[in-house]
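Relying on the hints, combine the two individually framed chains into one complex.
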Amino acid sequence: MKAKHQRLTLAIIAVVAVIGAGFLALIGLRDNAALFRTPTEIAAEPVPPGQSIRLGGMVADGSIVQQADGVTIDFIVEDGEAQVPVRFSGITPDLFQENSGVVAEGAFDARGTFIATNILAKHDENYMPPPMEGMETAGNDG
Amino acid sequence: MIAEAGLAALWLAAALCGLQLWFGVAAIRNGRDDLGAAIRPVAIIQGLLAMIAFGLLVWLFLRTDLSVELVARNSHAAKPMLYKFAGTWGNHEGSMLLWVMILAVAGALVAIFERRLRKDTLIATLAAQAAIGIGFYAFLLFSSNPFARLSPAPAEGQGLNPLLQDPGLAFHPPTLYFGYAGLSVAFSFAVGALITRDVGTVFARAMRPWVLGSWIFLTLGITAGSYWAYYELGWGGWWFWDPVENASLMPWLAATALLHSVTVLATRDSLRAWTIMLAVIAFSMSMVGTFLVRSGILTSVHAFAVDPQRGTFILGLLILYIGGALALFALRIGTVREGKQFQLISREGALVANNLLLIVILCIVLLGTLYPLVTEALGYSVSVGPPYFNTVAGPLALILITIMALGPLMRWRRDKWRNLVSRISLPVLAAALALAALVFIVSPIGILPMLGLVLASGVAIASFAPLWKRNLRRTPMFTFGMVFAHFGIAVALAGMAFESAFTEEVLVASLPGETHAVGPYEVTFNGAEPIAGPNWTAIEGRLTASRGGGTPVVLQPQARMFSSPETETSEAAILTSWNGQLYTVLGNSDGDGRWQLRLWFKPFVTLIWLGGMLIALGGLLAMVGRVRRERRTMERELYA
Chain E
4 MKAKHQRLTL
14 AIIAVVAVIG
24 AGFLALIGLR
34 DNAALFRTPT
44 EIAAEPVPPG
54 QSIRLGGMVA
64 DGSIVQQADG
74 VTIDFIVEDG
84 EAQVPVRFSG
94 ITPDLFQENS
104 GVVAEGAFDA
114 RGTFIATNIL
124 AKHDENYMPP
134 PMEGMETAGN
144 DG
Chain U
-2 MIAEAGLAAL
8 WLAAALCGLQ
18 LWFGVAAIRN
28 GRDDLGAAIR
38 PVAIIQGLLA
48 MIAFGLLVWL
58 FLRTDLSVEL
68 VARNSHAAKP
78 MLYKFAGTWG
88 NHEGSMLLWV
98 MILAVAGALV
108 AIFERRLRKD
118 TLIATLAAQA
128 AIGIGFYAFL
138 LFSSNPFARL
148 SPAPAEGQGL
158 NPLLQDPGLA
168 FHPPTLYFGY
178 AGLSVAFSFA
188 VGALITRDVG
198 TVFARAMRPW
208 VLGSWIFLTL
218 GITAGSYWAY
228 YELGWGGWWF
238 WDPVENASLM
248 PWLAATALLH
258 SVTVLATRDS
268 LRAWTIMLAV
278 IAFSMSMVGT
288 FLVRSGILTS
298 VHAFAVDPQR
308 GTFILGLLIL
318 YIGGALALFA
328 LRIGTVREGK
338 QFQLISREGA
348 LVANNLLLIV
358 ILCIVLLGTL
368 YPLVTEALGY
378 SVSVGPPYFN
388 TVAGPLALIL
398 ITIMALGPLM
408 RWRRDKWRNL
418 VSRISLPVLA
428 AALALAALVF
438 IVSPIGILPM
448 LGLVLASGVA
458 IASFAPLWKR
468 NLRRTPMFTF
478 GMVFAHFGIA
488 VALAGMAFES
498 AFTEEVLVAS
508 LPGETHAVGP
518 YEVTFNGAEP
528 IAGPNWTAIE
538 GRLTASRGGG
548 TPVVLQPQAR
558 MFSSPETETS
568 EAAILTSWNG
578 QLYTVLGNSD
588 GDGRWQLRLW
598 FKPFVTLIWL
608 GGMLIALGGL
618 LAMVGRVRRE
628 RRTMERELYA
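Protein chains in written order, with this note's numbering: chain E, 4 to 145; chain U, -2 to 637.
Extracted from the complex, chain U is given alone in its bound form (with noise of 0.2 Å):
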């Protein structure tokens, strides 16, 4: 019954979701005011439906209902409760339900909270949001059905992809569905707008808080992406240029562009066409990012299935958005006046350029992602990996991050380089004493790297230097805002230069009772045994590390193997320590009492996601300062 029920709640929601286009597009066209005042609950029932529908398929995963297809194919009852629940979008079909729930409650909450907006753009954006809704309801219902029924039910299920049962992992696809979900926001925010013809200041504040919370969502997802791949795949890299990593990568650096430009346009009235370009773009990323994971096109751990027709069905939907969108641009954006005047020294043209770059950086990512794909077309296989994205897209995310740093210390409107210069004295001075430092003490390293350390170093002092001779309880909430993501921006980059060019790695076959150096560490292997968990065997090693003679600590690294399904993986452990991370693997046992060991320093690693997290508060700040601010304008005006 519950699946049933479950059925009936995602038809209905559809059902609605394609009322909710045709009262928006009656109500725009044929000014059918009585259809245009019912969007806004037809809208909200909507988002009811879908939570409704996605709640019942939780259920079903508690309760490991076999019955279900989807239930039998991915979980099991022996498996811990909270991987039942996550397992729920563990898969294709669940995943795309819970992609489909965030975006119809999405489209509720711009419903139950937008009041700035005139009620026409307001109308026209709801119904651009059910357009996009109704082709993932669609999708669901007629390729992807997660309520279908097995007959008869197995005894047992299959289980859920070992690697897959991780606490870090259960919440790391709906924080990127939240960001994605939130793009989609702002792309009918952009198609609204184009459609009733007021692109301007009023309709960029309502979009902002939309871009902000996608784009904190999607920094926490990457981030928590990251770490995971660090330590649960075992092979001590926090970013493999994996297509999966970068389906997560590139709708991250539109969202960035776009929430560098809705700020423009919301506070100083410029760049009104580019916004709603930035927007398109943003949400096109989020549609490639879903449809190279979810197509099947890629193979990774987080392709579930390989199924042509639904791939089809998804790139089926992408042309279709992202096409609609561009023809809608192109018809219209001439009517769209042009925004206040900048000179190219000023903020404004650090902003553009800073978009410009981040762009650039997203067709070099993208074009190395589809590479492949169009070369396998072609009937020859590549793969393209670090050694591209590395040496193409680093040098430009340097001089990306250095405009970066430049930007907030310019005025709006017109700007002289000479005033520059004095301001950018101090965070200069810090740049160079960071080279002096790595040049003359520390052993060779990298360019890459050193140009990494010596931005960082600069761009650190640089993003407080807005706070610079301000009074900080006047200081808005936002401008501490922009001062922290910049700041972990600085924070991520000496992360990442420290880890490629200081680590030490130990790579030995040890005897117990041999000790390996490594770093500031002297690691001792005791030996390894057996243990048992839950659903999964495991050979456990021992081993024992201590620093300058100090207390040993017990690192535990784990081979498991996985009974349903049967897979091994392995697990690293980990000792942080206030300057770096050691990671040891266990590897295999040579027969003759010997087991690999592989042992890594990395120093200031945790830094990367520090700042990956520093950026994501500073969003936070960013959101709730401006979400207070509008408020009391808001009041004010009431009482004015």
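Pulled out of the complex, with its shape left as it was, chain E reads as follows (with noise of 0.2 Å):
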């Protein structure tokens, strides 16, 4: 093999390389990116049973119920127009609370009910993404 030829067969893998990786990742990226949803946008296309989305909403007001086990509850995310009912079971962030802002990661399960893994509460006014900002406002509104 000549010199010229191997930097350019080098150079040509290298370039085949980063295209499948793109390609790899589009793949990946379709399959696995959770989208972000309030719950008029879920009452308007419901998303399927087991799809991970990321659910952002206010918790409504009096709506969190304690279940017998201590770590489970119950909750209704709203955005002023569209409810949906959440599960989640774990130690909740200290900031979570009843009329203020939640993302819940998660899936539906096949009653319609959110199985949240993860929830991010409004950590302080420097922490907060960016979705939320203008329903926080709303919150306060309504």
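Incorrect hints may have been included.
The calculated lysine to any residue pairs, modelled on SDA-like cross-linking and capped at a C-alpha distance of 25 Å, are [unchecked claim]:
(1) U:337 x E:17
(2) U:413 x E:13
(3) U:413 x E:9
(4) U:337 x E:12
(5) U:337 x E:108
(6) U:337 x E:13
(7) U:337 x E:20
(8) U:337 x E:8
(9) U:413 x E:8
(10) U:337 x E:9
(11) U:413 x E:12
Just so you know, these hints were derived from the structure itself, not from any lab.
Encoded structure:
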């Protein structure tokens, strides 16, 4: 093999590898990226059970119900127009409370309850997922 | 006065940086050797001035001088001394000043110590370093002045984010910055060598310690960051694929590839263009990391301030430097002669395969990290988390580690498959035994952790193979470095696989006096009490854990409430034993005397960070070994 050829071969392999990586990433992203959805969006276009999404909204007033096991809670996430029932087992963040913003990660079960695997609450003014900022004001108005 | 002196030092340093760039350009383009000779002292003085500016900012923080806006916004008189000190870089402006200081000091160190490189290449390198520096000085002085005064001075400061008030985290950012700045030097060497058409073994030898050094710091920074996230966030995970974590992982992946290719260039004179390209990619990833973290487009504990102007500025710098370097690469790479040839089945071949896989993984992580930003711009929001990264990058990482184990067993230039087969029999046997043990003895586990454990056992044995039948006293130190680093990968991989396959979790609401079994431990809850610390109050859980009827150990997980700024954090209590960690978190009270407890037993989880430290130690051995050998060669040449 001539000197020029080895560099060319390596360059071609590298380009193919990077393009391959791009394809792998796109396929992976199509299957695994979790969409951010509000209750209104879910009411308009239901999410199939088992598909992971992030659900964002306000914890409805008076909706938090503690289950007998002491670690499971049921609550309702709303955005002023639609509501989604949520169940979560675990330790809720310190700032998780009624009438404040929340992002729940998880998926719907077959009966339409959102089973959250992780809950993010508003930490402080500096830590807030951008889509939540508008909602915070909406919640305060309503 | 201190703040004004700091600002003056910063302006002077920026001016000298401009001078350094001008001298370099004049020396290279117009043959002004007089200016070229002055570039070393200028670089050294610039480094000193940047150190003075940073030192003065530290002083302002230690005195809690509230007339300085940055101090007032980020510090508090009641804060422990360590966090006043570390708080200097616990904010946007301070951390950028630290970045610039390290950048300038790195340039000064090159000016002081670099003696092998051709004179014009060194001048071009220092000019390139100044070109990077000047952009960051402009960024600091025009959009992020750390010394701005506040009038009138407030009576009290606003404090530091409590999550950042942790000894581990105090030294995590500087460690990463050392890594980033070290890659800037590698980048400058590459640009310098391209400009003077001096891409060869001498250039690679000059660049190698910088790549190794920054790689060590990045490894340590990532390891420390991972452990911090593990014990401070109270979620029991050690890697979240958070964009900010990825921002430190991406330069590490690129630096790992660069580290191996620069070694091939230094010792075999192959992969010239490849090494230059990787140096550009590695520094680009440092810039992307800085951009992601500092621009405020990410919301996390790392994003200090959302200011679009700053984001745009860093993005501009990023495009300027990377675009400039790529254009230079395109123009000049044709003039770089091809290095020495090698066969596909050879150590070079394995290193190229590894390099390609590292770059593929890097692309996957980069695309996954940027994807949410792209969709955000398109008007819908997604989050990309572990399901994407683990399924797409995980299998590739396992292939990468397999090749990593094989590479050192192959000969340079050319080898035969047949010879390789006999050399890998022992590692394959170890892997087969692990597989048999997992299939026949242990309950079924996921495919990735299983492959991980099998691979870890094979790689652990294979990593020592380069020492086989060698006189250990005469084995060079950098060979030991490679052995340690590769063994460290096996150790960390084993820890990750054990943790994901065999973790036991208990989540209960417990009355005082109740006992819960988790892993080999019996954990008894003895109630919760309020306590107070220097700038926080907390509810502290009282747990006792005993193992097989042994002596009980007291564990006190806390839910802390900080006063300034008002924030709550969860402090996990962790009990470490030889075969894993008991990880306990106190949750909320239900009002009827029950408290939520989350208990994990994570077998061999400590291997993850132990492996990380072994990798860094391997890097250190390699660096010291290389530098010592270089010095000996140089002395021999002097006396010859």
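> Going back to the hint list, which numbers does this structure go against?
Replying inline: Hint 5 alone not satisfied by this model.
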